Amino acid sequence: MKLSLTIDGAEDHIEIVAPAPACRFCLGDGPERTAHVEAPEPGVYSILMDGRSYEARVEEARGGLVVVIDGYRFEIDVRDPRRWSRRTHGRRTDGVEDVTASMPGKVVRVLVGAGDAVEAGQGLVVVEAMKMQNEMKASRAGKVVAVPAKEGATVAAGEVLVTIE
Amino acid sequence: MFRKVLIANRGEIAVRVMRTLREMDIRTVAVYSDADRTSLHVRMADEAEHVGPSASAESYLRIDRILDAARKHGVDAIHPGYGFLSENADFAAACEAAGIVFIGPSAESIRMMGSKTAARRTAVGAGAPVVPGTDRGGTAEEARAFARQHGYPVLLKAVAGGGGKGMRRVDGDADLESALRNASSEAERAFHDPEVYVEKLIERPRHIEIQLLGDRHGNMVHLGERECSIQRRHQKVIEECPSPLVALHPEMRQAMGEAAIRAARAAAYYNAGTVEFLVDQDRRFYFLEMNTRLQVEHPVTELVTGLDLVKLQVEIADGARLLFRQEDIAWRGSAIECRIYAEDPDNNFLPSPGKLTRLTRPSGPGIRLDGCVYDGWTVPMEYDPLLAKLAVWAATREEAVSRMIRALREYDVGGIRTNIGFFRQILEDPEFRAGNLHTGFIDEFLARNRTPQAPPELAAVAALAAALHASANSARPEPPRATGASRWLDTGRGDLLR
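Chains A and B supply the protein sequences, listed in that same order.
Each residue of the first sequence is one higher than the one before, starting from 1 at the first, in the numbering used here.
Each residue of the second sequence is one higher than the one before, starting from 166 at the first, in the numbering used here.
The set of hints was computed from the structure by calculation and includes no laboratory data.
Here the structure is a predicted model, which is why all the values come from computation and not from measurement.
All residues carry an ideal CB built from backbone N, CA and C; glycine is no exception.
Check each hint, because a few of them may be wrong.
Derived pair list, reagent style BS3-like, types lysine-lysine, alpha-carbon separation capped at 25 Å [as the list claims (entries may be wrong)]:
hint: 1; chain 1: B; residue 1: K330; chain 2: A; residue 2: K137
hint: 2; chain 1: B; residue 1: K281; chain 2: A; residue 2: K131
hint: 3; chain 1: B; residue 1: K365; chain 2: B; residue 2: K330
With beta-carbon atoms standing in for the labels, derived distance ranges [to be verified]:
hint: 4; chain 1: B; residue 1: E368; chain 2: A; residue 2: P31; range: 20 to 30 Å
hint: 5; chain 1: A; residue 1: R33; chain 2: B; residue 2: Q446; range: 51 to 61 Å
hint: 6; chain 1: A; residue 1: T154; chain 2: B; residue 2: K237; range: 24 to 34 Å
hint: 7; chain 1: B; residue 1: D338; chain 2: A; residue 2: D70; range: 48 to 58 Å
hint: 8; chain 1: A; residue 1: G30; chain 2: B; residue 2: Q446; range: 49 to 59 Å
Not close to chain A: a few residues of chain B, all C-beta gaps over 12 Å, as computed [stated by the list, open to error]:
hint: 9; residue: T203
hint: 10; residue: P318
hint: 11; residue: A433
hint: 12; residue: D509
hint: 13; residue: N512
hint: 14; residue: E547
hint: 15; residue: D549
hint: 16; residue: T561
hint: 17; residue: I585
Please put together the full structure from these sequences, using the hints given.
Structure representation (structure tokens):
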């Protein structure tokens, strides 16, 4: 199985030649390598490779997967060229921009309404969590076309608060 | 001795206090808000009482509701923990009026030491050194005279101020007048009060505090210092005992300890309390404020003195005399604590509440973990982000640092982001290891440190793990992304891992 990867912003690809536990794989145009892989806990991968023992912890984050090994953090987006289309996050190509919550929390103030003209950097919505307030700002000038955020509502990270055109 | 004690708090400190109470064979009563029904302190307590909705102003800060719960459960005493009502003199007075012992100082001592300005007056009266300043607005001439007397740099501060508004650093006579004008007009705009005062600027100060313990019979000792210079946005994140500076200059412990005791005695203080000092680069120390309660970072003192501060607090509140004198206190080894927060260091330290999907706790030699989390718990968004305090003890500071790094490597919290990895970077920093600490340490660290470059073979391992994880979980149709839930973690192992 061949998969396309984006590792910390760099494009790459990986081919899984034989599945886990006795895994064989090629990263990029490199040679075939072997690794013994087990998942002792959900999202935790014990990988034995070249005589060394690694523990990789994988979590879904906005925009792909976050893999942490020995304190080092990798942001990796995995795509199967045959089956999945590239996932899009936040920014759309049609001149419309979704302003999303950068952290989970409670909407404490909505500063704009549909139809308002906004400047780049203008505060749109204030989200609060753990005694900290965070103002979500417009990344560019435009017109507010929708405000799904409601004062008092709880939002997840990545949830669309305001749409600007 | 008390038979039953209510803990007017939540989170790790409620759990911490309950542990000692249980060891003392005292029944524990938890209070909880809507958000905390399944929190660990409620599960752990012998009895529990609901005190209101999630907002702390309507639950943990409601004196009437806390006292109703105390009466209903027939408690002898209340332990306030830290934060919430712990430094509220009215609460201490209301407890006493209700015939319930407040485990802490008297309401009067809290009033004398609770506000920064009142505490500064008390400290000055007791002869404790404070940062030199004019304390009130004056003319440019007066400001210049002060700066010449105490030396530049000085700091201009708005009398009505806060949050850095109306604050200016001045390095010499030439800049003083224009800085005064600018600070004054900024203060006028921000606070409708143009008055600006001058204070000696302490460059690269250390924050070193003294733990005090006094009984109700006039006996008071200090339990040495804690260095809390590693702060982010004025919030301590790493604390240690001994201070690496004091370890090199042991006479400082006695001098600061005695100054702290003098200040506390001036407020007729009893129970546990902490006097905070700023220390300049010439090792002069200045009174900052007093915390009239148990500190978050008390475990490092407990680790090196072998004392249980909560047990001593309870005994003192019950009228016991201190069974040791100053000369009986010994400090052994070195302890460090990291405050583990639900926050995202890779995203400007934004809060990261949510559900824990995985939890591996560090253990083994010399580890102490004071936490309130468990696998599957949802960290509420209503309260502060402290998940746990990870403390280590070792014979020397060098060994304690290595031990902390080892413990951080074992520590894994999944589902939410934490600062565990960030601590590891700080503890591996040569400046930290050398003990060159000051309150601006983290800002400088962030400015000089780029994300560490991972060894190349780790990238290959990460790519393999990600590929296996993604393909293992892609067998199921992709659910809508709007739910915000993790589809990977829901599905667990998949095809490639069978």
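Results of checking the hints against the structure:
no.	hint	in the structure
1	B:K330 <-> A:K137	23 Å, holds
2	B:K281 <-> A:K131	22 Å, holds
3	B:K365 <-> B:K330	17 Å, holds
4	B:E368 <-> A:P31: 20 to 30 Å	56 Å, violated
5	A:R33 <-> B:Q446: 51 to 61 Å	53 Å, holds
6	A:T154 <-> B:K237: 24 to 34 Å	32 Å, holds
7	B:D338 <-> A:D70: 48 to 58 Å	54 Å, holds
8	A:G30 <-> B:Q446: 49 to 59 Å	52 Å, holds
9	T203	17 Å, holds
10	P318	31 Å, holds
11	A433	33 Å, holds
12	D509	7 Å, violated
13	N512	7 Å, violated
14	E547	8 Å, violated
15	D549	6 Å, violated
16	T561	24 Å, holds
17	I585	8 Å, violated
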